[in-house]
Amino acid sequence: MSINPEQTIKFSPMHRLQWEEAQQKNVILYPEGMVELNQSSAEILKLCDGTRTLGQIVRDLEQKFATAGLVDDITAFLEVALKNGWIQQN
Amino acid sequence: MAGSNKINITPPRWLLAELTYACPLQCPYCANPIDYAKHQSELDTDDWKRVLTQARKMGAVQLGFSGGEPLTRKDLPELVKHARDLGYYSNLITSGYGLTEEKIVQLKDVGLDHIQVSIQASSQELNDHLAGTESFQHKKDVAHLIKKHGYPMVLCVVIHRENIHQMPQILEMAEELGADYLELANTQYYGWAHANRDLLLPTKEQFEQAEQIAQAFKEKVAGKMKIYYVVPDFYEDRPKACMNGWGTTFLTIAPDGVALPCHSARELPGLDCPNVKDYSIEQIWNESKAFNFFRGFEWMKEPCSSCDEKEKDFGGCRCQAYLLSGDMYAADPVCSKSPNHHVIQEAIDSAKASALADNEKPLIFRNSKNSRLLS
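Residue numbers (this note's numbering), protein chains in the order written: chain A, -8 to 81; chain B, 5 to 379.
Read the hints as simulated data drawn from the structure, not as lab findings.
Stretch-level coverage of chain B by chain A, calculated; a stretch enters the list once three of its residues show a Cβ under 8 Å from a Cβ in chain A:
#1 57 to 66
#2 91 to 99
#3 111 to 123
#4 150 to 158
One side of the interface only, derived from the structure: several residues of chain B facing chain A at Cβ under 10 Å:
#5 R17
#6 D184
#7 G227
Built from N, CA and C at the ideal position, the CB exists for glycine as well.
Just chain A, same shape as in the assembly (with noise of 0.2 Å):
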């Protein structure tokens, strides 16, 4: 499964994302299940609105975080998230 560059990428309906303050981390849940997230993971995902492509969550994020060269592994990660069903496009 790989990321289509021209479409907008949204979190998965059928999941939820939120900040455990017990845990001090972000979680994605779902039935029967709980994937824990490490802050990159997390800041990722928190972009995939279904207002934005691959392209545009990559120069947010290196606009953010004032760096360069992320494309490798946000691509990774989404195809990874693609793959569990934690984002959709179309």
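Given the structure of chain A, go ahead and fit chain B onto it with the hints provided.
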């Protein structure tokens, strides 16, 4: 932890709220205790709200509203709303009996996240026989409505000797109903299932055949449907890591407010399980005798205490050790290292003999009359 008395207590993550023992169904493998009819009292709405608030504060995030049939509680929408406000990810674990489209919409509006609906078999005749209630068509209608209103849906089918031959049809049914998750729960032999074990336990050949069919289907539906396969531990060499370790992750609150480290723990002697009417969840989780009883490894006997796999499976299930060997400190007899392991083969042989007998005794259905007779 061996050699140290200080046990690191992790906070609860999963809360199972058994709102009631009342249920219109009579499944003969129900996980409720055999003597449930003795425990008639139920927590009120404020008690449940306090429990939800306190457990959430400690870090519980996955919440199951269960029973009995949780829909029999009139205050369910109020509790679901309270749970959503607190940030729980909440699940309604239901037979589907009594669930209407209006209720499905209402629960969605107050923040219910997903629904797990049980179906007993893939045919009306067997489903209605096992449930002790005419419910098959209604359950299927309910499943379609759950999907229509955008919930993630878990379809749960408990597998045993009466329905294991329907595995291909059960899988087809799950696909037709649009289940996002299919839980194929091989019966665990506690409570009512323990009482009916001779009639429910399939043969090893039946298990293996069914598992193969399920495995092939899993690959076919990958990406569309996830399958949770609850292993039939009687045919394993090693016990399950029950509850992910005692008092580490799971908290069950029974209808009358008794707090349990697992939903079967009521059957164990001498735990003095505390009630949420008397103590806070924090006191119960951290300080109570019951929740500390099997924490860590100090309580273990041989062969568990020197076993190099003890940190993986925690000696297996305490309730199963007690039910099958009479000793709740013993290794789970499922383990091939257990000196009591022979009881598993005896159970398998006994079930096989029962299946071949001309006059097989009938299933004991889960209802208040039988509960009083048996306890």
